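Student: Just so you know, the sequences run in chain order H and D. Each residue of the first sequence is one higher than the one before, counting from 1 in the numbering used here. Each residue of the second sequence is one higher than the one before, counting from 1 in the numbering used here.
What the hints contain is simulated information worked out from the structure, not anything from laboratory work. Among these hints, one or two may not hold up.
Here are the in silico distance ranges between beta carbons for each label pair [said to hold, decoys possible]:
hint, chain 1, residue 1, chain 2, residue 2, range
1, H, Glu-267, D, Gly-137, 19 to 27 Å
2, D, Asp-129, H, Ser-3, 54 to 62 Å
3, H, Ala-74, D, Thr-57, 50 to 58 Å
4, D, Glu-271, H, Ser-181, 54 to 62 Å
5, H, Phe-186, D, Asp-224, 47 to 55 Å
6, H, Val-105, D, His-210, 40 to 48 Å
7, H, Ile-71, D, Ala-164, 38 to 46 Å
8, D, Lys-21, H, Val-128, 25 to 33 Å
9, D, Gly-137, H, Val-94, 31 to 39 Å
From the structure, some residues in chain H lie toward chain D, with a derived Cβ separation under 7 Å [claimed, not checked]:
hint, residue
10, Ala-98
11, Thr-170
12, Gln-171
13, Ala-174
14, Leu-176
15, Asp-177
16, Leu-178
17, Gly-179
18, Ala-180
19, Gln-184
Keep in mind the model is a prediction, meaning the values are calculated, not measured. We put the beta carbon where it would ideally sit given N, CA and C, even for glycine.
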Amino acid sequence: MSSALIGRAMLGFYFLAFFGFLFGPLIVMSVTAFNTPEYPQVWPFEQFTFAWFQKLAQDDNLMQGLQNSFIIGAFVVALAVPMGLAGAIVMTQVYAPARGLYYLVVVSPVLTPGVIIGISTVIFWKDVTGFTGAQSLFTGMFLATLGQSTFIASYCMLIFLSRLQRYDRTQEEAALDLGASRGQVFLHILLPFLRPAVVSAAVIAFLSSFENYNTTTFAILADKTLTTVLAGRVRQGMTPAISAMAVLIIAVTVAGAILYEAAKARERRDAAV
Amino acid sequence: MSADIDIDHVTIRFGDFVAVKDVSLKIAGGEFFSILGPSGCGKTTILRTVSGFLAPTAGTVRIGGKDMAGVGPNKRPTALIFQNLALFPLMSVAENIGYGLRVRGVPGKERRRKADELLSLVALPGSGDKRIGELSGGQKQRVAIARALAVEPQVLLLDEPLSALDLRLRQHMRTELRAIQKRVGVTFIYITHDQGEALTMSDRVAVMNHGVVEQVGDGHAVYDSPATPFVASFVGENNGVSGRISAVADGFAQIDTALGSLKGRAGAGLEPGAAATLFVRPERLRPAAEGIAAMVSATAFEGHLTHVGLSCADGHSLTMSLGRDIGAHALTPGAEVRIGYNPAEAIVLRQEAR
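Next comes chain H alone, as it looks inside the complex (with noise of 0.2 Å):
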C-alpha cells in the first residue's frame, strides 16, 4: 500500500470517528424514540411507534418546563443583549488603561461556576425582597431568568466587542457632523452596524438560557423548566418520552440553523449586488 493511500485511509477514519462521536448519540437517541420498548432501546427495534410523542404530549410536568424554559428564554434575551451592548460600548469608552481591570470585571460572570451563581442569586435577592417588602418577586421564574441574564450578559457583551472592533468610528464623527445628536448617532449609524451581532447575541443567549441547567437548579426554587424536569426524570429512570423530546428539539434546531444561514446567504446577496 502506497503511503498516499494510508494517509486517504487514516483521514477517512478520522472523519468516520469524529462524526460519530459528534452525532452518534444523538442518532442513537432519535431511533430510541420510536420504538416500542418502556426503557429506551436501539436493538433489537421492535415496532416503529409515534407512541411516545403522544405520551410526551400528555406529560403535564414536562410540557409545563417547556412552557417556561421558553417564557425564561425570551426575557434572559430581552435583558442579557442590552445589557451586553451597553458594556461592550462602554469598554470602547473607557480610559484605555482601565479597560483590563473593566474587561476582567465584566467577563468574570462567564469565569465564575453556575452554581455558585445560582446559590449566590437565590441569597441575594431573599435579602433585598424581605428588606423592600417585595416578597411576591421571589420567584423561580424570576431568580432563574436574573441569575442566568448575569452571565449570559457577559457572553453578548464578548460578541459585540468582536464586531465594535472593525467598526468605522469617523462614521460616526461623520454623522455628528452632519448635525446628528448623540442618540441618532446611535440609532441610525451604530445599530444597524451592530445588527448582524444583535441577532447572534439574541440566539446566542436564548440557547444558553433553553439548556441552562447549573445555574437554573438553584435559582428556580419551587418552579421548573426543561433541564430541571428532565434531570429528575433521568434519576427516576430514562423513557423514550424524553427521546421524543430530543427528536424534536434536534428539528427546531436544525430548521432554525438552515433558516439562518439562508437568510445570511440572501444578505450576502443582497450585499454583493
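Given the coordinates of chain H, assemble chain D onto it according to the supplied hints.
Tutor: Okay, now just chain D, sitting in the frame of chain H:
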C-alpha cells in the same frame, strides 16, 4: 452663504506634545484656502478644531464672527469631508446625501429632491438608488461632497479627500472641486500634503511645519518667494546650496558656498556672516558660458522636460530641468558643463536655528 474664519492664536496640546503652536489665520468668506504641510505638521488638528471635534488648548476660533468655544460639531455651520470619506455603507447614495436633512426633520420627499439636485451638481445624475459599494473611488468622492453640501454649510472642510485616488482622477477632481467651489460660493479649507493640489486649486495657501505656519500667500508668492528654507524645499523641487553671507546690498545677497560665491535675492534678516542657503529651482538653471562647474551624472527624459543630474565640487549635486528647445540632448553623462542662472530667480534664505 459663506462665512469667514478667524483662527486667533490657537495652540493645541496633546499631553506634552504641542501639535499646533500659536497659529493665527484669517480666511475670507468664499475663499478656497489650503493648508499644506508634511504629515504630522498639525494641519489635520487645525481642521478638527475648526469642525469642533477638538477644543483648542489656548486661543479662539471664530466662524462668521461668532466664537465657537463650547459649540459642538453638530451645531457648527461647517461640514467636514473625511480623508476616508466616511460614507455610510448601509445607506443608499440618496440616503447618504439626505442624512443631514433627515436629522433636521426634513421629510423624505424633500430629501430625495435635494439629493437628486446635488447629484446633478456633482455630475452623478440618477445614482440615488445605488449602494455605496457599487461606486468607484471618484464617484464616492462626489457623493461625499454632495452629502456635505446638502446641509448648506457656510464652510466646507476637506481633509486630503483626493489622496486615495489615482493620479489622473486626482487631477480631474482638482478642476472639478474648484468648479464646484466657484458654483456654490462656500468657503473651502483644504488640507493636503500635495503641493500640486494646493497650488492649482487655492486662492491662498498656508504652509505648515512642526505645528507652525511658516508662510501664507497665493501660489506664486509661496512658490517664487518662499519665506523660509522649509517652504523653499517643501513646495516644488528646489536646489539648495548652503554657505555664509558675504555681502547684502540692493535686495540681493552674496553667499560664499562650496560652489563659489553665488548671488540671489535676499530674504529677510540677512547680515554678513550669517548661515544661509541659496535656493534656485531646477527649471531656472541653464547651461552657460561661465558659471558653476559641473559634470553631467544622469539625464531623465520626461517628455516636455529633461531632468539633468549634475555633480559639482565638494560632492554637491544639483538638478537642472530643461525644455525641449534648449538642446538637452547634447548633455550626455560624463560631459563637463558650466551652469548659470538669473540671480533675480534665486533666493537666499537665513538658516533658522531650531
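Student: May I ask which of the numbered hints given earlier this structure violates, with the numbers listed in increasing order?
Tutor: Of the numbered hints, 7, 8, 10 do not hold.
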